[in-house]
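Those protein sequence lines, which keep their order, are chains U and D. The first sequence begins at 1 in our numbering and counts up by one. The second sequence begins at 283 in our numbering and counts up by one.
To be clear, the hints were calculated from the coordinates, so they are not data collected in a lab. Backbone N, C-alpha and C define an ideal beta-carbon position, used for all residues, glycine too. Hints are supplied without guarantee of correctness; some may be wrong.
Said to hold, decoys possible - Covered stretches of chain U (chain D as the covering partner; in silico rule of three or more C-beta atoms under 8 Å from a C-beta of chain D):
#1 144-154
#2 188-196
To be verified - Here are some, though not all, of the chain D residues that point toward chain U, as calculated from beta-carbon distances under 8 Å:
#3 L287
#4 I291
#5 G292
#6 A295
#7 E300
#8 P304
#9 A314
#10 V322
#11 F339
#12 V340
#13 F343
#14 L366
#15 V370
#16 A382
#17 A383
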Amino acid sequence: MTEHEPETTPGAEQRGTGSPEPAHQGPATHARSSARHRLLASLRPRPTRGQLVGALLCALLGFAGAVQVRSNQDSDLSGLRQTDLVRILDDVTERSGRLQAEARDLEEARRQIADGTDGSLAALEEARARVDTLGILAGTLPATGPGIEFTISDPAGEVQADVLLDALQELRDAGAEAVDLSSPAGRSVRVVASTALVDEESGRGGAVLVDGTKLEPPYLFRVIGEPRTLAAALDIPGGVLDVLKQRDAQGLVLQRNELTISSLRPAATPEYARPAPQDGDG
Amino acid sequence: MIAALGLVIGIVAGLFLEPTVPLWLQPYLPIAVVAALDAVFGGLRSLLDGIFDDRVFVVSFVANVLVAALIVFLGDQLGVGAQLSTGVVVVLGIRIFSNAAAIRRHLFRA
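With the rest of the complex left out, here is chain U (with noise of 0.2 Å):
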């Protein structure tokens, strides 16, 4: 395409000023020197119109060079032709299909591995309340709340077990969900669904076994539930108090807004009982 390589040019296309040179072919060292002498001949700066033309593509070339140089390390995107172009939008469009089903996968394990948790956390809620639910009234866990302090005092030694029952039986109607049954010598008995009274052997009245601890008069049943509701179920006519007074014994009732019951009854493991599997969930 160019006309300058000499297998072509220098019959058909120069003129004018190539007639000297072939006969500066013979000797190695001249046509060296001479070809020196044009290189530095051109070097000097004469404004003919070859060299303002060779300034003025060589500065087109260089222009475009540099151009070409800057926009190329500008952006890779904007050099590539269409078909690249193209085969890069596939790639990322692929890349971001597949991010997005796994980032979908992702919110679906997490959002599984979220409602574990909170079934878990609800499940071992609701089984530490009925743990505290059952040990209030198994009596393996101290109970607070509202309640009523109700006083035996026996000075004639004529309240006996059955008297002791009825009062239990009484508060418990009324709804006391957590008692201790004390006497003034310190121990006291947290009475449970399984607790028995009975009447000390030694003659009329004066001791209680309960629960195989003796107890003497005065007794105190110290009671958790609704004050109000415990002092009159106690106080109905013909009921607890009335009985006492029948006996020459006293009944003293006095409601408190804030009572602990700290008295402990050991769990019992069932030695032959085992939880029956129930059927749906646990």
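Once you've looked at the hints, dock chain D against the given chain U.
Only chain D this time, still in chain U's reference frame:
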């Protein structure tokens, strides 16, 4: 001398003006630059041969650029633009090397 000065001025102008390459020119500019580089090396060689002619130089320069751009355009239309661009660059690179070898022989006899 004026040509070298023009080259430097062009490079400096391109670096400092920072023009944006128009979109339609972007596929052709790198090939055109390589083609023009080939023309410049050819001109340098003919100068050392003592057969330099400004008219021939201008014609070869413009023709090189246009033919290179035409080949790239054709390749883009045919869907083989990338491969054809590579081919053009390879051919022009070979020519640049051969011209550089001729220049080297002229200057150093080696």
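Each hint tested on the structure:
| no. | hint | in the structure |
| --- | --- | --- |
| 1 | 144-154 | violated (count 0) |
| 2 | 188-196 | violated (count 0) |
| 3 | L287 | holds, 6 Å |
| 4 | I291 | holds, 5 Å |
| 5 | G292 | holds, 3 Å |
| 6 | A295 | holds, 5 Å |
| 7 | E300 | holds, 6 Å |
| 8 | P304 | violated, 10 Å |
| 9 | A314 | holds, 6 Å |
| 10 | V322 | holds, 6 Å |
| 11 | F339 | holds, 6 Å |
| 12 | V340 | holds, 6 Å |
| 13 | F343 | holds, 5 Å |
| 14 | L366 | violated, 11 Å |
| 15 | V370 | violated, 11 Å |
| 16 | A382 | violated, 13 Å |
| 17 | A383 | violated, 12 Å |
Checked against the numbered hints above, the structure breaks hints 1, 2, 8, 14, 15, 16, 17 and satisfies the rest.
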